[in-house]
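There are 2 protein chains.
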Amino acid sequence: MEKRVTSHDVAELAGVSRTTVSFVFNDDKQYFVRPETRQKVREAARKLSYYPNASARALASKQAKAIGLIMTRDPHYIAADNFLPQIIGGLLDVVKERQISLLIEWVEPGEQTHTYLSLTQAKHIDGMILLTPRFDDPGLKALEQLGIPCVIMGQVPGSNLPFVDIDNCAAAHMAVNHLIELGHTRIACITNAQLSYSSASQRLLGYRQALVDAGLDLDENLIREADFDSVSGYAAMQNLLDSGSNFSAVFAGSDTVALGVMAAIHEAGLTIPGDISIVGFDDIPEAAHYYPGLTSVHVPANEIARQSCRLLMHLMKGEAPEDTSIFLPTALISRQSTCEIERSQKHRQGEKLVHFT
Amino acid sequence: MEKRVTSHDVAELAGVSRTTVSFVFNDDKQYFVRPETRQKVREAARKLSYYPNASARALASKQAKAIGLIMTRDPHYIAADNFLPQIIGGLLDVVKERQISLLIEWVEPGEQTHTYLSLTQAKHIDGMILLTPRFDDPGLKALEQLGIPCVIMGQVPGSNLPFVDIDNCAAAHMAVNHLIELGHTRIACITNAQLSYSSASQRLLGYRQALVDAGLDLDENLIREADFDSVSGYAAMQNLLDSGSNFSAVFAGSDTVALGVMAAIHEAGLTIPGDISIVGFDDIPEAAHYYPGLTSVHVPANEIARQSCRLLMHLMKGEAPEDTSIFLPTALISRQSTCEIERSQKHRQGEKLVHFT
DNA sequence: AAGCTTCATTAACACGCGTTAATTGATTCT
DNA sequence: AGAATCAATTAACGCGTGTTAATGAAGCTT
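Line order of the protein sequences matches chains A and B. So the first sequence is residues 2 to 358, counted in my numbering. So the second sequence is residues 2 to 358, counted in my numbering.
Be aware that a few hints might be false.
Identical chains share a label here; the pair holds if one copy fits it or two copies do between them.
Said to hold, decoys possible - Listed below are the simulated EDC-like cross-link pairs for lysine to aspartate or glutamate, each with C-alpha atoms no more than 16 Å apart in a straight line:
| # | residue 1 | residue 2 |
| --- | --- | --- |
| 1 | K97 | E112 |
| 2 | K142 | E112 |
| 3 | K48 | E13 |
| 4 | K97 | E109 |
| 5 | K124 | E106 |
| 6 | K97 | D75 |
It is worth saying that the hints were derived from the structure and are not from the lab. In this text the structure is predicted, and so the values were computed from the model without any measurement.
Could you build the full structure based on these sequences and the hints that come with them?
In structure tokens, the structure reads:
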């Protein structure tokens, strides 16, 4: 094990003190180092290929220069999350330019409080971004009380922690309303996840409100829960089709789930949108290339990540930003998976509806 | 800013020395602490909610207890990588159980050497996993020379660094051969990325060899380069279709690219596999639900991640494992996107082929 | 009772850096 | 010329922990 190069070595070679080296490397405007001295130090550092030790620096400065992205899902579901790459991409963008590192952590259910505290109190990280925590996350109160810099991607009702999110309910409302405007009256819903995830329950709420606002029946038999991946969407749709319920459109809580839903529809010998229209949610990059092109609610994933990150940095500096809860806009992207309900189908549905009135 | 709880505080409350506290928390078998003392310390720590400071620990022990996942792609492409979640899921699995943190870093082209060295020399991390570096990565030699613990996911010809990968060439050969066995003779290839990424060039090589081994013509006009995302696959396929070249099957370098390819085929009014058969690569979880179900080469992404991680941990312990280059098996998963070439098409192709012989 | 061994604990130093207050040297002011 | 100002640098302390060598305490042998 060869000896490590320390700031002491650099100082010696440059003929200055260790303090000066430190000043140069943190280029603090408050302290004045002569340009030529600065130059000498820089050169010595380069010659020795000196890299300031991160741990020592963190220890002395009490700043880890790192933030954490914390996920509360099983690795199994993480692996199925097509949203994640966009999030990470956005975070890396911001973090990189500020010379901060990004830590990724997965917390086991039941371990939230411990994990959150050990990460921040141990100063592994200066702040954290919580990716879609669940309703019942017990660690959130602890974070709130201790005033730990923290931003939630998503929302948790009852928590006052800063967050960045879209208006899931309104966006779902818009998506379902699109189907209604196309003439659909019997619309099914497959959630994106269990309802303990707030995004899932909010989107379901938007679905319900859209139907109610349009004066349509709310048939609980047309609702199924999926579980993040397309396999669960596929299963949910199969179950729904097997149930013999009557519907001409589906609102899926995520594009990944929608993909499974579409596969089940195809497999049943039905066509999209001829027999069944479908709207997804997220508008992941692949949605446009699904078959047929998936109408979806565009969620600015990259922007959510960037804004979360920026907000977190403000909090870490101790600044209390004016807006501690940020809502980002969504938009409905209409593609080929939705169309006006066909006359024939309307008719068929009309007949069926007799059973329900 | 409230005072931090240190091991000193715990020692005081427990009525022991700081050293003893340290022994308890690292439960080192070498040192014997009486069970009752141990108990006292644990309780005191709990009462004060003590969390050992990570930086101080890293500084003193010279171990960061962290590894890094380093990516050499632009955030833009990272966002399009449906493979990434599986990789991260696998890594998290392994690091979690060993109490190690996972750092994610993106390195700018040209900054490789600097980034690699600053991350490891600064002891931000103890070791690193390089995700699909490029051929010409100049930082690899530095890593090799300095003996920094490091595992490559993928392969870089000319580098002796340990790696975990699949046999891309053989797998591609298998995929293309599947098409050949189905009777296809004019097979196009759309790579998964630029050829400076070794996986792309190796898969292309496998494609070429399969054709040659079968005694088929190698038409360079049937090869296009895509660039990670489905958009690039779509564009490449459009370009290929516009060129008027004749082919009855496509080998796509990744499933994500394949999705774009399929979209272009559908848009051209052709059917899959009726008019064109297609094979993908990676077998991401969604591939089964694409329309039609995508025949693909299954890559054990999760296992690649886990093995890389384990290998890295061995290297970090200074152990030199017997196998420093691990190849994992692949398998062709046959779905609905491939079928025997139709008689009519064979005929048509036969006619066309006259032009080429 | 003195010496030896084993077990449990501790004092003291090291890790590499940030930061404050103090020091030096040069310059300007009275 | 001496005092006062300012720019540039440094000595010295602290951050919270790991770890080694040393210290006690207790049991055993002779």
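Here is what the structure says about each hint:
In this homomeric assembly, K97 and E112 come within 16 Å of each other (Cα to Cα) only across copies, at 12 Å, whereas the closest approach inside a single copy is 29 Å. In this homomeric assembly, K142 and E112 come within 16 Å of each other (Cα to Cα) only inside a single copy, at 14 Å, whereas the closest approach across copies is 41 Å. For the homomeric pair K48 and E13, the shortest alpha-carbon distance inside one copy (12 Å) is at most 16 Å, but the shortest distance between copies (46 Å) is not. Taking CA atoms no more than 16 Å apart as the test, K97 paired with E109 passes between copies only; the shortest distance there is 10 Å, against 28 Å inside one copy.
Proximity of K124 and E106 under a CA criterion of 16 Å is satisfied intra-copy only: 14 Å inside one chain copy versus 19 Å between copies. Proximity of K97 and D75 under a CA criterion of 16 Å is satisfied inter-copy only: 12 Å between copies versus 27 Å inside one chain copy.
Consistency with the previously given hints is maintained throughout, with no hint failing.
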